[in-house]
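Enquirer: So you can see what is in the structure, the chains are spelled out below.
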Amino acid sequence: MRESIGPRICVLVACALGAAACGSPTTKSDDTSAVGGSIVIAAQNEPRTLLPPVITQIDEKIIADQIFEPLAWLGDEGHLDRDYRPGLADSWSWERDSTAIVFHLNPNARWQDGTPVRASDVRFTFGLYTDSIVGFKDRSSLARIDSVTARDSVTAVFWFRNRYPEQFYDAATRLLIVPEHLLAREPRATLLTSAFGRQPIGSGRFRLGKWTPNASIELVADTANYHGRPKLDRVVFAVTTDQTALPTRLTTGEIDLAEVSTPAMFRTLKDQPDLRARMNPAYDYSFLLFNARQPKQRQQPNALFADIGLRRAISMGIDRGKLVRSQFDSLAVVSTGPMTRAQPLADSTIATIAYDPAGAARLLDSLGWTLPAGKTVRERRGQALKFSVLVPTVSANRMAMIVVIQESLRKLGVEVVVDAVDGNTFLARLAARNFDVVFHGMHVDPTVAGLRASWTVASARDANGLNFGNYENPRFDAHLDSALAARDLASARPHAKQAYETIVADAPAVWLYETRTAMLMHKRLRPAHLVSTAWWAGLADWSIPPAERLPRDRVGLRVASR
Amino acid sequence: MRRFLARRLAHGAAVIFIAASLSFLLVHLAPGDPFSTTLDSAAINPSVKAAWRAAYGLDRPLLEQYLRFLGQLARGNLGPSLLQPGPASAALAAAVPNTLVLMGTALVLSFVIGVGVGSWQASRAGSRGDRVAGNASLVVASLPEFWLAAVLLLVFAYRFRVFPAGGVVDLVTHDSLSPAGRLIDRLRHLALPALTLALLGSASIARYQRAALLDVLPQDFIRTARAKGVSDRFVLWRHALRNALVPTIVLLGLSLPTLLGGAVFVEQVFTWPGLGWLAAAAFRARDYQVVTGATIMGAVLVVAGGILADLLHAAVDPRVRAQ
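These protein sequence lines map, in sequence, to chains L and U.
The working numbering puts the first residue of the first sequence at 172, with every later residue one more than the last.
The working numbering puts the first residue of the second sequence at 92, with every later residue one more than the last.
Because the hints were derived from the structure by calculation, they are not lab data.
A few of these clues could be false.
[What the hints assert, rightly or not] In silico DSS-like pairs for lysine-lysine, Cα to Cα no more than 30 angstroms straight-line:
| hint | chain 1 | residue 1 | chain 2 | residue 2 |
| --- | --- | --- | --- | --- |
| 1 | L | K546 | L | K493 |
| 2 | L | K546 | L | K232 |
| 3 | U | K140 | L | K308 |
| 4 | L | K668 | L | K308 |
| 5 | L | K467 | U | K140 |
| 6 | U | K140 | L | K232 |
[Stated by the list, open to error] Sample of chain U residues lacking proximity to chain L, with all beta carbon distances greater than 12 angstroms (derived):
| hint | residue |
| --- | --- |
| 7 | V139 |
| 8 | L173 |
| 9 | A232 |
| 10 | L234 |
| 11 | F237 |
| 12 | T349 |
| 13 | A395 |
Beta carbons: idealized from backbone N, C-alpha and C, even for Gly.
All chains, full assembly: derive it from the sequences and hints.
Expert: Structure below.
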């Protein structure tokens with residue numbers, strides 16, 4: 172008698188479909204010996220909220236990325252145009268004219284309260300992020316997405332105003348999808364203090380276990396997650412605002428992972444036998460920003476810094492290499508412009524203004540800023556070459572460096588008055604553009620779209636814009652627009668280079684340094700998906716080998732899940 | 092006594108009111124507000140920040156905000172925290188017990204150590220041991236809190252690894268421990284911050300105690316006791332110390348403000364989420380209601396310390412009671 176194979180095929184097909192549906196390629200973890208362990212990560216600030224559209228701090232982002240998911244994660248190689256791994260969407264396709272991307276959500280995706288994730292949640296999330304009253308800090312980065320529609324319950328379509336190289340990155344990674352059924356009735360103006368932000372429900376592989384105000388936030392493995400449970404039982408974020416005890420807590424193993432930004436601390440800790448060091452690429456750059464307009468009369472050009480020649484002379488008078496080495500050792504490199512080397516379109520081959528004090532003196536002389544006999548400050552038509560630099564006292568690095576800069580420029584016959592103010596005053600005066608020169612820093616993401624908000628003519632003329640130095644050059648804008656409108660990164664690169672060359676030559680700022688952060692982690696941790704932009708992106712796949720676990724790694728999930 | 096107490100309470104209420112009003116005004120007059128504290132928030136459009144301010148009533152004239160604050164305060168309500176969901180009082184309620192535990196432990200320890208050392212010095216006044224202990228207490232009393240905290244951290248947490256370096260409990264294992272284990276865990280975490288405050292406090296107390304005992308020891312009743320053949324130790328601990336404790340007991344109440352001031356620094360170093368830690372974080376974030384609430388709590392402690400000192404003084408000295 173012949174045996175029927177029909178049922179077997181059905182079972183096999185069902186298994187295969189089930190596996191395909193459930194599994195992201197990287198995250199299924201059924202091997203029970205591989206799971207377990209707890210890690211404690213230092214958080215520098217107590218988060219205000221974990222609701223993604225209103226988060227502003229990096230610690231909030233790190234935690235929110237564990238509880239919520241984007242449609243896709245940037246891949247390990249970090250190529251913006253081609254390297255992604257599934258998040259809420261398990262596949263995607265482009266419309267023929269490339270002005271729409273269709274995301275197919277994983278049909279098994281569930282919110283942590285058991286409700287299915289739907290395309291309408293994606294549409295709702297986009298509406299939330301782009302609503303000006305909500306206050307998403309990178310809202311301008313979504314400006315080129317026209318709308319999001321739900322084609323069916325598991326298909327979300329992103330419609331773009333035009334084709335551009337970072338289209339997929341913007342759609343897939345910028346939005347952490349939030350549940351419509353829990354947030355639709357929240358007043359949008361007060362989302363920052365909504366209760367949801369303290370008791371978030373996401374679709375990520377960790378869920379919030381316990382939030383002890385001003386002490387810690389404990390995330391526990393969501394064992395029912397549709398991607399499979401994380402390999403770790405829990406991740407605890409310990410709030411350690413004061414850095415005094417951090418080296419001790421890292422050395423003694425109270426804390427497993429911390430980012431350190433001071434060379435002294437890094438030197439002390441990098442050779443500790445239980446710790447492993449890793450340098451993260453820089454996405455922050457700092458600079459002395461000249462105000463091209465009068466501080467209190469924005470219509471008037473600045474008496475000093477409207478002059479490109481003077482700005483260049485001051486740039487030439489500062490030995491940035493020596494300054495950065497002495498302050499940061501290996502934790503920073505000299506900046507080359509409004510970019511960091513980690514950005515795909517950055518170009519470190521651009522000619523920058525080199526340190527040349529003799530050349531700076533000659534240039535100042537040629538501009539009429541001469542040094543009268545017996546005086547130490549240059550003058551032109553009776554006006555002394557003197558200005559103030561606004562510095563936030565909360566930044567120890569900037570406070571230390573401005574003194575060195577002051578001394579360098581003094582040798583050149585330029586008098587710098589340090590205008591040190593507390594963080595709030597600094598921000599208020601920055602926003603009001605009430606300064607001659609400001610020692611400012613910026614955080615960037617991998618795209619160049621942020622340049623539009625910070626350095627273009629439109630942003631200079633927008634009273635609420637972020638172009639605090641009022642830099643204007645239509646040529647820069649044109650090159651930037653060309654780069655942003657290019658079809659891909661390769662064709663965008665020459666335009667980006669021209670844009671960078673233009674702004675560097677104009678010297679609206681003295682580009683000082685890009686800071687890198689060093690991460691120190693306990694050697695028993697086995698990290699995964701250490702994406703250049705976000706080391707934490709694959710935290711759910713980090714593991715601790717059973718043989719290397721500490722007693723606290725064996726606490727298990729039972730207690731944490733209460 | 093009741094009239095005295097009523098008068099002191101009325102004075103205390105006035106002090107608390109003035110402290111609350113000053114705190115409210117100063118924190119509102121300081122640059123920035125809850126929505127402009129992080130550098131990142133410069134990227135948020137000011138029109139959005141204006142909407143946020145309006146939603147929390149921060150766009151109203153300062154006098155109106157102040158009157159609204161007083162109205163809420165009269166009802167025992169500090170108002171909502173601007174940065175956390177829920178009332179500011181909830182944030183304070185979570186922090187105050189930690190500070191009270193820290194201060195209480197430090198207070199007891201500082202008195203035990205201070206009285207012990209001071210009495211020991213007085214019993215051998217002028218000796219080499221007295222001079223060494225006197226100089227040592229002078230040095231310790233002069234140390235800044237954060238420095239001593241850092242040194243103890245280095246020695247006991249980093250070098251010898253006897254105590255943990257921060258937090259109130261072990262963040263991972265605490266909930267899985269037995270009740271006794273949890274208590275030990277709490278005590279281990281309490282050790283270094285409490286020791287820091289206790290050492291600083293005990294140095295002053297030792298000096299007071301020594302001076303008070305040296306005033307008492309030459310008196311007639313001590314001489315009489317010695318003449319009766321009572322041992323030196325008995326004379327010191329049963330006769331002299333009881334009489335010399337009066338100024339030290341008064342110091343107990345007056346120590347509260349000093350301890351609270353020290354706790355602000357010590358809580359920072361040891362990541363101890365108490366009132367000082369919360370106040371510093373709230374001030375950085377300009378969480379007006381929490382800053383004002385923390386100031387009120389501090390003022391309450393100062394007032395309570397003063398009243399406690401008076402009551403203790405009256406309790407141990409019949410002359411004060413009679414007055």
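Enquirer: Each of the hints needs a verdict: does it hold here or not?
Expert: Here is how each hint holds up against the structure:
1. Note on L/K546 and L/K493: the hinted pairing holds, with a Cα-Cα distance of about 28 angstroms set against a maximum of 30 angstroms.
2. Between L/K546 and L/K232 the alpha-carbon distance is near 53 angstroms, which puts this suggested pair outside the 30 angstroms criterion.
3. A hinted pair counts as satisfied when its Cα atoms are at most 30 angstroms apart, and U/K140 with L/K308 qualifies at roughly 11 angstroms.
4. Of the supplied pair hints, the one linking L/K668 and L/K308 holds, its CA atoms being roughly 27 angstroms apart against a limit of 30 angstroms.
5. Annotation: proposed proximity of L/K467 to U/K140 holds, straight-line Cα distance about 22 angstroms (limit 30 angstroms).
6. Simply put, U/K140 and L/K232 have alpha-carbon atoms about 20 angstroms apart, close enough for the 30 angstroms limit, and the pair holds.
7. A beta-carbon of chain L is positioned within 12 angstroms of the beta-carbon of U/V139; the least distance is around 4 angstroms.
8. For U/L173, the non-interface assignment is contradicted: its Cβ lies about 7 angstroms from the closest Cβ of chain L, within the 12 angstroms cut-off.
9. The claim that U/A232 is not at the interface with chain L holds, since no C-beta of that chain comes within 12 angstroms of its own (minimum 22 angstroms).
10. U/L234, annotated as away from the interface, keeps every beta carbon of chain L farther than 12 angstroms; the closest lies near 15 angstroms.
11. Annotated as non-interface, U/F237 brings its C-beta within 12 angstroms of a C-beta of chain L; the closest such distance is 7 angstroms.
12. No beta-carbon of chain L comes within 12 angstroms of the beta-carbon of U/T349; the shortest separation is about 21 angstroms.
13. Interface exclusion of U/A395 from chain L stands, the closest Cβ pair being 24 angstroms apart, more than 12 angstroms.
This entry does not satisfy hints 2, 7, 8 and 11, going by the numbered hints stated previously.
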